[in-house]
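Trainee: Protein chains in written order, with our numbering: chain Y, 1 to 518; chain U, 1001 to 1518.
Among the clues, some could well be false.
As the list claims (entries may be wrong) - Distance condition first, Cα-Cα at most 20 Å in a straight line; then the derived EDC-like pairs of lysine to aspartate or glutamate:
id: 1; chain 1: Y; residue 1: Lys253; chain 2: U; residue 2: Asp1418
id: 2; chain 1: Y; residue 1: Lys253; chain 2: U; residue 2: Asp1416
id: 3; chain 1: U; residue 1: Lys1212; chain 2: Y; residue 2: Asp418
To be verified - Here are a few chain U residues that sit away from chain Y, every Cβ distance over 12 Å (derived from the structure):
id: 4; residue: Leu1388
id: 5; residue: Gln1412
id: 6; residue: Ala1492
Hints are computed from structural coordinates only; laboratory data are not their basis.
The beta-carbon is built from N, C-alpha and C at its ideal position, and this holds for glycine as well.
There are 2 protein chains.
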Amino acid sequence: MEQVTLYGIYEKEFTYDAQTAVLPGCCSVTGSSGMADTVYTISAFRKGEGLYAVRIMPEQQGVYRYRILLAGNGETEEWKLEGEFVCVEPQAGCHGKVQTMEDGFVYADRTRFLPFGTTCYAWIHQPVQLQEQTVKTLGDSCFNKLRMLLFPKYMPYNEEDPAVYPFEQGEDGSWDENRIVPAYWDNLDLRLCQLSELGIEADLILFHPYDKWGFAEMTQEASLRYVSYCIARLAAYHNVWWSLANEYEMLMKKDMQDWDAYGSLLQREDPYHHLISIHQILQLYPKRAWMTHCSIQSGNIDFIPAWKKEYRLPILIDECGYEGDLEYGWGNLSAFDMVDRFWWTVSRGGYCTHGETFHREDAVLWWGKGGVLHGESEPRIRFLQELLVQLPGCGRAAAHGPHTNPNGKTEQEMTDADRHFNRLLERTPVENLSGLMAEVPKVISTDTWLLRYYGRTCPCFGWLNLPEAGQYRIEVIDVWEMTRETVLHGAAGRTRISLPARPGMAVLAVKEQEDELL
Amino acid sequence: MEQVTLYGIYEKEFTYDAQTAVLPGCCSVTGSSGMADTVYTISAFRKGEGLYAVRIMPEQQGVYRYRILLAGNGETEEWKLEGEFVCVEPQAGCHGKVQTMEDGFVYADRTRFLPFGTTCYAWIHQPVQLQEQTVKTLGDSCFNKLRMLLFPKYMPYNEEDPAVYPFEQGEDGSWDENRIVPAYWDNLDLRLCQLSELGIEADLILFHPYDKWGFAEMTQEASLRYVSYCIARLAAYHNVWWSLANEYEMLMKKDMQDWDAYGSLLQREDPYHHLISIHQILQLYPKRAWMTHCSIQSGNIDFIPAWKKEYRLPILIDECGYEGDLEYGWGNLSAFDMVDRFWWTVSRGGYCTHGETFHREDAVLWWGKGGVLHGESEPRIRFLQELLVQLPGCGRAAAHGPHTNPNGKTEQEMTDADRHFNRLLERTPVENLSGLMAEVPKVISTDTWLLRYYGRTCPCFGWLNLPEAGQYRIEVIDVWEMTRETVLHGAAGRTRISLPARPGMAVLAVKEQEDELL
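Just chain Y, same shape as in the assembly (with noise of 0.2 Å):
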């Protein structure tokens, strides 16, 4: 019986006679005894001149059977094929696709996935050999997920036409979603697996504003069946993610019952319920069922408590700046301002995404089209991901808001002033809080260790506030020059750290004990 590895993907290829890209019939696979919550129900989809195939990923070892069912319905069902695979040992480093756990990520085998995503918008709308030296960036790099547009890309340094586009032109010009360019398919393909085996999650954006040959103004119709599209060719990838948009306003001919018609339609469709979001340009899409995490642009990463308590879903800043030094203002962070977000928004409790845009004369900026980093961001934002997956257990951002003092005094020392300041702050507008934030210490903690970002501020020494019981391990860090600095051991209660009062520092505490097993 053929073998398939869990989390890997069974492809049955066909041919058939049909009209239209996503066929009119379905795959129905079932898993063998004991795995009777493994049914799924899954389209066949064409990859070319009569050619079509269905695929499967199983998120449990055994047996498989599946029946391929065309062009039928209740009535008269016209069984195409049968046939059965077993799943096995998955891949080493392969853990599935990634869901969320309360307000963060894990793996299918409960491996914790801590985002560290970066941004090629247009990358497979590049030359062959631009796109490998893509994937080759990547695999030396960090980053664990990337943002990429299906659709091409027309805006600054982006105006070349790619070499292929998803599907063929009718006679009127208007693109005709049943009718699929396989080298566009086939390409996006390579590039999934190559992701996939790069451990990178693709965040896959479906629609865009950015748009000069009209697939921005496909008819809602249209819209629907690329997506039907998507999610049978590309939903058996475990390393895919949904994206319903980059900036959903400035697509202006979509309603919000549009996305909501796309989300629905993931939501039903997708056999395997991989992530769903939608990135906004100015006001974040209100919560729907479909919805499984933020996906945000802001550099008000301030706001997260607030968007947590609003959402209750993981929050990711996906757009807070590039690294860069373009005259747009969402293309010129310095080096350090790019790692600081990163810091900043694990420190209250968010993920944050890299992305980059230095000016070149030829255009290749690694934001829309890959290629080599020129930056110095991606070293620090991998210190910052060792620190983190060092650590046991996902930290938690200390409050879902600014409930503290302005004096960082323990409940004990809190006067009258300072409750009364708390209870000011509870019915403080929101748009107040992003300032007042900055003086809340960004921390995260769990039972047996605390990480503590000073941001920017330039602080000479710093309390933290430790348990009685417990004996703490106290580092201080650079995240600019990457360094980590024991500075106390055995430290309880109320302690004071000193800092050397300059941008960028970090207070890492650990429970002794549990250091012994790091």
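Fit chain U to the supplied structure of chain Y, relying on the hints for placement.
Mentor: The following block gives chain U in isolation, referenced to the frame of chain Y:
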């Protein structure tokens, strides 16, 4: 006839037997013929045991006549004193009281006043030698406004009792606002005179919460008498501004009616209508008729356009963090960030205030006690001040909101998508604005010059959309290194400016004809 300089103080002392600090009578002042608009009613005030005075600030040159009426009412008038003086040329450099003009400030003689303030909350409560040192430091600095408390201050780094209090204590320990302590008020007079001679506006904070002596908890009746006393005694200083509170919400015994009562009292009784504001910790005080400008505590500098739109008053960011290295988030800005906040505030159409909080074992921090400056921001703040003073006219911020498009295009270059973006902006809630505003160019301009600040962003070039008519000289400015380099002459229309891709750069364009006048 006695001579008094314009905007100086004429003081008439007299002895009288009365029980209250502010006499239940008044001084009626009339200018000579031709000055019909200079009729003031001014309260007398107690200076010491049986010693009283009336102070008059003449605002026009010419002869003034006054009549002091004590313990009188409409029926039983009792003239106590009459007199006259002549008001002559002002002292060199004295321009009179500051008042608002549109969204900025001017002196009485219509000279522009660009606030560049600093903060020494409790300096008048320190040992005399330290006060003298503070005066010296202020005189050597660029600062032209000083935020200071009238009551002593109790909080970290400010824990000592002052040598003198404003009032005597009653037998029950409560403060008796009818029994002033002359030593306190005489010293205050001295310090206000010194500030006046240095050209520094005294932004007098009448109430504040950081108190262990009970001044924050005086009855409303007593508090109002204290305010009346301040008006009677201090309003004659041309350089006095009234600030009702520091962090008004933290004064738990006062409510909005109380604050409104102080504001109305000042508006009604201050014959010179000095500036009046109130400083918050969380929520801006709602707009009131007595309010002449906004005195804001916030790091949300990008909200300035929203506040300007709401209040239609000049915006002073009187507290946006202090340069220093304290453990508190409000007191550990890097020098660069303090300088950045001045440029940022100015380029959003507001005015910024300095403070300095470097940890010292002797607890003499500039922000609390005065003394000397230890930081690096003051020379850079002066650099900005000198630049602005040199430029003719008051620069206006580009817009009252982020009405622009993401890629900085001109109206001609804008696409439907850009216009769509602008329409979206119009219905964006205020809480989103601060994130967005980061991408809106920080620009102030007049008909003859334009100053754009790039903040922490690192563009390697920028575009200026200059008028086609007129030739412009372009300077590239490094706000930290304090360098100004002319890089272009004769620029017109859309002009590309090379920039060094590091934080803290600005560009100035000056119409060359105007430039010759500078």
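Trainee: Work down the list of hints and note, for each, if the structure agrees.
Mentor: Hint-by-hint comparison with the structure:
Between Lys253/Y and Asp1418/U the CA atoms are separated by roughly 14 Å; this keeps the pair inside 20 Å, and the hint holds. Restraint check for Lys253/Y and Asp1416/U: the C-alpha separation of about 12 Å stays at or below 20 Å, so the hint holds. Distance restraint check for Lys1212/U and Asp418/Y: the Cα-Cα separation of roughly 14 Å lies within the 20 Å cut-off, and the hinted pair is therefore satisfied. Distance check on Leu1388/U: its Cβ is at least 23 Å (rounded) from any Cβ of chain Y, clearing the 12 Å threshold; non-interface status holds.
The Cβ of Gln1412/U lies farther than 12 Å from every Cβ of chain Y, with a closest approach of about 16 Å, so its non-interface assignment holds. With a minimum CB-CB distance of about 19 Å to chain Y, Ala1492/U clears the 12 Å threshold, and the non-interface call stands.
Every hint from the earlier list agrees with this structure, and none is contradicted.
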